[in-house]
Amino acid sequence: MAEEIVTTAAAGSDDNEGGVGSPWFWRGLALPGTAWVLLFFVAPLYVVLAIIFGSIDPILRQPVPVWDPLHWDFSQFNYVMGRIFGSDAYFRPAVLRTIEYVAIASFLCLLIAYPVAYFTARFAGRWKGVILACLIAPFWISYMMRMLAWINLLQNDGLVNRALSAGGLFDVHEAWLSGHGSTVVLGLVYGYVPYMILPLFAGLDRAPVSMLEAARDLGASRWQTFWRVTWPLTRSAVVVSLLVTTLPMLGDYFTNDLLSGSPSTSMIGNLINNAVLTPGQTGQAGAFVLVILVISVLPMFLYVRSTRSGTDIAV
Amino acid sequence: MAATRGPASDPARRLSRRALVQGGLLTAAAAPFLAACGVRTHDYGELIIPAPNHPVKWPLSKRYTAIASGQKPKPGSVLRIYNYADYVSPRMLKDFESKWGVDIHLSTFNDADEALTKIAAESLGFDLYFPSYDSVGKLIQANLLRPVNQDYLTNADNLWDSFRDPWYDRGARYTIPYTIYSTGIGWRTDLADVDLTKYPNPFDVFWDTRFKGNMAILDDWHTAMAMVLMRDGINDINTTSSHALSRVRDELISLRSTMRPKVTITMYNDMPAGQYGLAQFWSGDAINMPYYLPKKVDVDVLRYWFPPNGVGEVDNDLCVCLGQGSNPVAAHYFMNAILDETSAGQNFGFTGYQPPLKQFTPSQLVKQGFVPANLATAIVQESDFEKGLPLLELPVTADTEYHEIWQEFKSGG
Chain A
735 MAEEIVTTAA AGSDDNEGGV GSPWFWRGLA LPGTAWVLLF FVAPLYVVLA IIFGSIDPIL
795 RQPVPVWDPL HWDFSQFNYV MGRIFGSDAY FRPAVLRTIE YVAIASFLCL LIAYPVAYFT
855 ARFAGRWKGV ILACLIAPFW ISYMMRMLAW INLLQNDGLV NRALSAGGLF DVHEAWLSGH
915 GSTVVLGLVY GYVPYMILPL FAGLDRAPVS MLEAARDLGA SRWQTFWRVT WPLTRSAVVV
975 SLLVTTLPML GDYFTNDLLS GSPSTSMIGN LINNAVLTPG QTGQAGAFVL VILVISVLPM
1035 FLYVRSTRSG TDIAV
Chain B
11 MAATRGPASD PARRLSRRAL VQGGLLTAAA APFLAACGVR THDYGELIIP APNHPVKWPL
71 SKRYTAIASG QKPKPGSVLR IYNYADYVSP RMLKDFESKW GVDIHLSTFN DADEALTKIA
131 AESLGFDLYF PSYDSVGKLI QANLLRPVNQ DYLTNADNLW DSFRDPWYDR GARYTIPYTI
191 YSTGIGWRTD LADVDLTKYP NPFDVFWDTR FKGNMAILDD WHTAMAMVLM RDGINDINTT
251 SSHALSRVRD ELISLRSTMR PKVTITMYND MPAGQYGLAQ FWSGDAINMP YYLPKKVDVD
311 VLRYWFPPNG VGEVDNDLCV CLGQGSNPVA AHYFMNAILD ETSAGQNFGF TGYQPPLKQF
371 TPSQLVKQGF VPANLATAIV QESDFEKGLP LLELPVTADT EYHEIWQEFK SGG
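Going line by line, the protein sequences match chains A and B.
Start counting at 1 in the first sequence, then tack on 734, and there's your number in the numbering used here.
Start counting at 1 in the second sequence, then tack on 10, and there's your number in the numbering used here.
There could be a bad hint or two in this list.
Unchecked claim - To give a feel for the contact side, a few chain A residues facing chain B, derived at Cβ under 10 Å:
no., residue
1, Arg817
2, Ala867
3, Ile870
4, Ala871
5, Ser876
6, Gly913
7, Ser916
8, Pro942
9, Ser944
Claimed, not checked - Covered stretches of chain B (chain A as the covering partner; in silico rule of three or more C-beta atoms under 8 Å from a C-beta of chain A):
no., region
10, 203-216
11, 263-276
12, 383-394
Since the hints were made in silico from the structure, they are not lab data.
No residue lacks a Cβ here, since even glycine has one placed at the ideal position from N, Cα and C.
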């Protein structure tokens, strides 16, 4: 029925110039999005490029963007690449560490978020609204405040060490806040898990119950129903939720600054932050941004593929 | 599904590679037009670096002239101040506003490099800025400062004599001193069993593995690297020797791998909170520590060490009038308030950073309760500047070398 309507609209497009059927109408719909991308992605990206490949003020050591690509200087970019891929690769551990931390944190987020979203979508019943409100509640508290709460819990005489010492039974003096990778991962998981639950909930809530019932009627076990029906139906939501959390984690520097502050847990976000704040190194910060962009292209590509295959299935 | 038949699914309308390339070429073609929005670049000539043995009298700015004498701040006008966070007393600001009917807008920054970036943009209209003297040369040579009209500084007599005509600004044409501080070692006796006398060099304490994971160093490249130089017995903390800097690099890398130090500037809060027991400290932060200490912990556990022979890092921060500001008259009155004994006392009580005024002698500071007796070593005296080691601005090549070492240290590679 819906197909008929669209087909009719498309067929009538030649006679209906400027109307809903007109190609200009459809192109016009893309205008706000195109303007948004141009203004807030393409233009800033070009500014970043003009700074990476620009020059430096000789005294103030501030970046001087060079807008004309014919006059671009690649020395800052090459410097960063040389220290990631070259023989003197002291940035490489931070890049690898970032990928490691983000991968572990994303996996843990998924491990926590999926069951929570599943429960809320399937079994919460009339409590669904309340649970959703509780899930959104962390957004009302600033990220910094949530991290500061962990500082109190994890400091040497904090609640975590006191709990581990079991009332003085054991002698626990673990310095959780002094350069522990596990503490940084914990912070990332805690900080970003709410961002993962919501898209997962949306995906799970949208999955038609009739298909699950059909699977069960056809003799599938609970596990088989989940694995062969629910999971494929929610794969797109999983990819979206991973993107929503992974991409900001890749550029996160604040979690590490607050919960570790040690160079031994530095991530790419910290390298960017340090470079931005250091005179003469702003171009390097831009080069790191490009590295993140390249790293994040892979999950974006996966997402586009997964949505396209979803569309193909639908067709 | 109907949506799959909409325009987005039409292959002819999808964004093709060709369209992408065309878009890229268009962007590149637009570059010369973007260049029209260009950034002001400077042609400075030779970089001048002031030092105690090379005092500099800066020429008066041709871009910004000193204001005429005898003016009053315009009531209702806005005075824009740009300073470190928590580095000026709110009460002092309020008192100034009440007295002169001026509205103060305070903006803050986290470090001098960030501040310099915004000031160099010249679009924010700040009237007053509080740099260290290692940025003064840059600010003056980049023509960003307005010369100070000394007629407004009626409290200048309160200053220590050595600060009336400082080496970094002979004739005090552009600056007034704001605070003074030393850099040393701070610790909590209940969290770190520190005995500095047992080390050949007291700075070795930062490499003592007993304090692994229980220590921090300042997140300030030059201050931290100066500490390593002094540990190596090199008192030229502004050295440009590649050999010395190479040693500094090795020691910093060793410090990072063996000690897992926290690198921060919030030790005044972290150490009282019990996050670690030992840290490199600015004296002003050491004086401020009791304020952050939990009530159950006795102030007596706090310690601050500075080389008893006075050969250690001693510096001062300044207040300057920026040319970009629109309220230079109120700015001059505020500068004068900084030199006022009462205002300076309020400020010291809030920030912990000492003003170089004659009224603030070590015995008075302890007696009046500004500084607890166990932190009296954090009080800076005028004589400290005779033997003390200042951090200076560095030539561009050396500056780059220092920054690269610090970058390697902080990247954790």
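- Task: Please write out, lowest number first, the hints stated earlier that are contradicted by the structure.
- Result: Violated hints (numbers, rising): 2, 3, 4, 5, 7, 8, 9, 10, 12; every other hint is consistent with the structure.
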